[in-house]
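Engineer: Protein chains in written order, with the working numbering: chain A, 80 to 302; chain B, 81 to 754; chain C, 11 to 322.
It should be emphasised that the hints constitute simulated quantities derived from the structure, not laboratory data. Honestly, I wouldn't trust all of these hints.
[Unchecked claim] Below, a list of computed lysine-lysine pairs in the DSS-like style, where the Cα atoms sit at most 30 angstroms apart:
no.: 1; chain 1: C; residue 1: K293; chain 2: C; residue 2: K276
no.: 2; chain 1: C; residue 1: K293; chain 2: A; residue 2: K232
no.: 3; chain 1: B; residue 1: K616; chain 2: C; residue 2: K276
All values derive from a computational prediction rather than experimental measurement.
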Amino acid sequence: MMMHQSHWIVELLNLLASILLLISFAMLSRRRTQRLITLYAWQGLVLFASTCLVAYSSGQKELYYSAALTLLLKVIVLPWVLYRLIRDLGAQWDNELLVNIPTTMLVGLALVIFAFGLAQPISMMANTITRNTLGIALAVILLSFLMMITRRKAVTQVIGFLAMENGLFFAATSATYGMPMVIELGIALDLLVAVFILGIFFFQIREQFDSLDLHHLESLKED
Amino acid sequence: MLAHGTLLLQAHDLSWTLMLVLAWMFLGVIGLLRPHSLRFVARGLFPAGAVIALGVAILGGVALLSGHAPQTMVLPLGLPNLPFHFRLDALSGFFLLLIGVSGAGISTFAAGYFRSGEGTAPGLLGLHYHVFLAGMALVVLADDAYCFMVAWELMALSSYFLVVSQHHRSEIRQAGFLYLLMAHLGAMCLLFSFGILQPGNWQLTFDAMRATPHTPFWATIAFLLALLGFGAKAGLVPLHIWLPEAHPAAPSPVSAMMSGLMLKTAVYGMLRVTFDLLHVQFWQWGLLVLVLGLLSALFGAIFASVKTDMKRLLAYSSIENIGLIFTGIGLAILFEAAHLPLFAALALSAALLHALNHSLFKSLLFLATGNVLHATKRRSLGALGGLARTMPWVAALALVGTLAIAGLPPLNGFVSEWLLLQSFLFTPQLSQPFINMLVPLGAAVLALTVALAAYVMVKFYGVIFLGQPREPALADAHDANWLERLGLAWLALGCILIGVLPQIALRAAAAVTGQLLGSTISFASPWGWIAPIAPKQASYSGLLLLAGTICVIGLTYILVRVLAHGRMRRTVPWDCGYPWQTSRMQDTAEGFGHPIRHIFRPVFDMERELPSPADKAPRYRIHVEDRLARIVYQPVTRAVQRVSDAIGVVQSGRLAIYLLFSFLTLLGLLAAVL
Amino acid sequence: MVRQFGEVLLAIALAPLFVGWIAQCRAWLQSRTAPPLTQPYRMLRKLFHKEVALAADATRLFRITPYVLFGSMVLAAAIIPSIATDLPFARVADAIALIGIFATARVFQSLAAMDIGTAFGSMGARREMMVGFLAEPALLMVLFNAFLLSGSTALPSLVEAYSSGPLSINPSLTFAGIAFVMVLLAENARIPIDNPSTHLELTMIHEAMVLEYSARHLALIEWASSLKLFNYACIGFALFLPWGIATHGADGGWALLLAAAALVAKLIVSGAALALIESLSAKLRIFRAPEFLAIAFLLAVLGLLVHLLLGS
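Please put together the full structure from these sequences, using the hints given.
Structural biologist: Have a look at this one:
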């Protein structure tokens with residue numbers, strides 16, 4: 080019974096993991112900040128679904144709480160805060176990239192291969208049903224980092240940072256059935272605080288330079 | 081009686097071949113008797129050379145398909161203790177077949193091509209040409225390093241003289257110099273490689289080299305040196321810089337021979353050294369060759385699409401095809417090192433078949449450009465156009481070549497590209513961790529290159545033969561004469577035959593892979609089909625495809641004529657309401673290459689001169705250059721210049737100093753000896 | 011043999027209907043009255059009755075090209091297993107050779123466009139070849155995915171392997187499917203790459219190549235274009251939705267009728283889906299098309315990598 084169940088559960092988890100990867104790639108190529116926030120919310124939803132599935136199949140009750148926290152924070156609260164932020168900053172629209180899209184995609188592809196190659200021996204050591212998806216989690220982290228590097232406007236850096244945390248969370252779920260609850264709550268609080276503080280920073284940057292373009296920050300260095 | 085006769089023939093295949101090679105050289109020397117007589121050389125000697133080429137091809141085919149053990153022979157030419165060793169085995173036989181078949185077509189064409197020349201006398205040209213052919217055949221037959229290098233040098237020198245046959249133009253002399261330089265740099269690498277391969281007692285025969293065990297380090301060094309040497313001759317990136325200069329500078333039959341035949345001798349050398357002498361050892365070699373091959377292929381295709389000189393375009397296309405061949409070789413090495421001999425045989429068969437195909441269709445295209453050059457005196461694509469109306473034969477045969485090189489079924493280019501793609505499909509079975517994910521992406525690069533090649537060829541054919549003539553003088557263009565048509569038709573026939581019945585060429589390649597790798601692709605499918613691994617996995621039938629296409633097209637034509645009336649009238653083309661259409665409004669070569677320039681911008685070094693609205697006489701000029709050559713070669717040439725300047729200090733010009741050098745050397749020798 | 015002919019005739023007959031159905035769905039989605047479903051047939055009949063107006067300088071290549079195009083599309087229809095898998099012609103070419111046949115059609119069409127020597131023809135040829143050369147790697151990677159899942163590139167084997175195996179949600183196949191739909195849109199000159207109903211020459215890709223054709227030549231070319239879309243749809247069904255195709259052994263009359271009904275049902279649904287996609291997207295600028303195709307390529311490669319990682 081457990082075997083049968085786990086068969087379709089594993090398939091569904093693989094599908095959700097692939098959708099997570101797809102969303103990270105889509106974040107690399109989207110130009111508009113508003114779309115990025117929507118994609119981040121979708122990522123949170125996929126995480127919620129996969130955590131529930133893992134909780135169901137492994138029977139660990141804390142994961143349900145963790146999933147609920149994810150839903151609350153990453154699908155509802157944080158996207159709402161970010162929407163308000165960019166609306167007030169007036170930064171909803173076009174977002175320039177430092178490198179053009181096809182090149183970014185190719186680099187992203189190379190990162191995915193790198194992550195997959197690294198993850199294969201490590202997944203042998205884990206004993207969860209989601210261990211194959213460790214490579215995908217690593218890839219999501221690296222792709223979010225790439226997104227932070229190749230963007231010009233400040234708000235997307237925040238979104239990249241949040242997406243990286245998503246990847247970390249997924250890695251934790253796939254390798255070890257989640258982290259201890261205390262750590263989870265701590266990280267969630269950190270995220271919330273970080274977003275608020277960064278929001279304040281953005282207002283300051285805009286005050287100073289009249290734009291959210293990050294290359295203005297370079298003028299702060301001493302010459 | 082007949083059996084006895086054929087047995088006699090087979091037992092002496094090698095001696096017959098050597099005699100035919102000698103006959104070539106003899107033909108060349110005869111030409112010196114009456115060096116300025118064009119009729120004697122062109123109408124007499126070249127057709128004889130074509131017949132000899134056919135003979136060589138037949139002998140090569142017999143050696144391949146008869147399955148005999150390799151024949152060897154030792155001739156007491158050369159130096160006292162270094163006689164020439166010769167050997168005719170499956171690998172040599174395949175390349176002899178290649179040289180013979182294409183050589184026959186090119187020689188026939190050349191018989192009709194050489195008109196009253198400027199530059200070298202026809203007799204001398206005939207000498208160089210036939211010595212070139214003989215040299216290539218000797219390279220393929222050589223069985224020891226000394227004979228190989230002598231034949232290699234013969235090939236290089238005779239082709240140099242052919243390239244500079246119009247030596248009164250300075251850019252041709254420069255191209256020839258660059259060619260000679262790169263050829264000799266490559267030859268030096270080859271010499272070092274052979275030096276490492278020999279067993280230590282200066283026994284230079286290939287048999288001795290085969291039997292010597294090498295440590296991994298020295299085997300890798302020998303492999304890399306051989307790759308450098310043969311890569312420089314084949315035109316692998318980054319050693320390709322001589323190719324786009326030398327091929328256009330030579331007369332068209334010579335360009336055809338260099339592109340079609342000489343580059344393949346480098347492929348032969350690579351196969352001989354890697355598979356035969358070194359017995360493939362490491363998968364890293366395969367990865368290196370694969371990467372270089374894919375890089376050359378993509379590079380060649382991208383640059384060909386932005387060139388505006390028709391012979392340069394074909395030269396870059398040769399770089400692309402050589403890249404494809406080396407990709408197949410790299411895959412074969414990878415599979416062989418991973419102990420997957422069936423897939424290695426598939427990849428190697430693809431590479432060999434592509435070499436044969438390329439020699440056919442590239443020669444065909446270069447010869448066609450020769451016709452265009454003769455008829456219009458123009459090489460730049462911006463001055464041609466609409467030649468299909470005044471040169472119908474050349475246009476029709478060039479269409480066959482264009483479709484073949486673009487890799488379209490049911491012609492031959494498609495079969496080798498299909499086999500190469502099939503071999504890529506098995507790369508996820510390699511065992512190395514990152515490699516089994518990276519190498520499948522090579523299939524995507526391959527597909528990109530093949531599609532880009534189609535783009536390039538549409539540009540080539542469309543701008544030259546279709547559309548409107550871009551200059552009024554093009555109306556006087558004349559078609560090819562019967563000898564030229566015969567040569568072109570022979571090559572086109574080869575393209576069609578190999579495309580429709582690839583089994584014959586694949587059996588020839590299987591003989592080679594059997595010798596080198598010990599396994600071949602599967603021939604279990606019924607006649608008319610090829611299914612290299614298994615019929616359920618993938619199969620292809622060029623014959624049925626062609627038959628089906630012809631049937632359907634014929635049926636459609638008949639039905640349309642029966643059911644609809646056949647009325648037609650001639651009018652002017654659609655002009656969107658703008659009546660003053662000129663031939664200058666159609667796409668130029670630069671215009672056709674614009675999307676590629678836009679997409680691959682970082683690869684090029686572009687200088688553009690754009691007109692502004694205020695210009696009284698607006699001009700548009702664009703010059704696209706090879707950024708890679710500039711980055712790689714300029715520092716090297718500057719360093720060489722500095723070193724030679726430093727050494728040049730020794731040349732002070734005073735007699736006393738020179739005598740002092742001799743005196744000091746004498747003192748030193750006396751001190752050392754006594 | 012009879013079944014082979016039947017399959018081909020069915021393809022030839024249904025293709026204009028398929029295009030008409032897509033036009034009708036688009037009209038419904040855009041709240042306007044649709045032309046009747048038989049409109050494409052009427053247009054073909056009208057074109058066959060007209061007199062050919064040929065440019066004075068057209069060569070023989072120009073006049074042969076419509077026949078070559080139609081012939082290669084019919085040949086492709088004979089090879090693709092739309093109704094049954096063990097038809098005699100199905101093994102003549104595998105999926106990669108099918109791409110080659112489509113490439114032949116594209117090259118001939120581009121050459122014919124350059125033949126007349128007007129600015130529009132060569133511009134259309136250049137753009138079509140550009141879209142073509144970017145779409146081929148993506149399509150090849152999709153086939154690579156299919157090959158890894160079933161060990162073959164011959165479409166009949168793919169159909170049999172996938173339809174007989176257990177039903178499973180396969181992420182790599184999903185990615186490959188999305189990539190395939192994107193390539194289908196690009197290769198068949200649909201929005202977002204090209205607008206099939208545009209009349210502005212400077213925005214045309216496919217239409218610019220056929221500007222000079224008229225009467226029966228144009229009829230053949232239009233038929234060939236609708237056949238191409240039909241063929242691509244059937245390839246998509248064979249790769250991703252193969253249920254209903256009569257496989258080896260099930261070749262009785264009932265199985266074929268069932269297969270034909272399944273085909274019609276799939277065409278109806280996919281036609282509506284295509285119309286939806288077209289109505290929701292805007293036509294891209296010409297140099298955004300490489301980005302579109304790069305995304306398709308990357309999706310297919312992602313599918314490949316996910317398969318290699320997850321082993322599924």
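Engineer: Now tell me, hint by hint, if it's right for this structure.
Structural biologist: Now for the hints, and whether the structure bears them out:
A distance of roughly 26 angstroms separates the Cα atoms of K293 (chain C) and K276 (chain C); the hinted pair therefore holds under the 30 angstroms criterion. Annotation: proposed proximity of K293 (chain C) to K232 (chain A) holds, straight-line Cα distance about 27 angstroms (limit 30 angstroms). A threshold of 30 angstroms between alpha carbons decides the hint, and for K616 (chain B) with K276 (chain C) the separation of about 26 angstroms falls inside it, so the pair holds.
Going down the numbered hints, you'll see the structure goes against none, and every one checks out.
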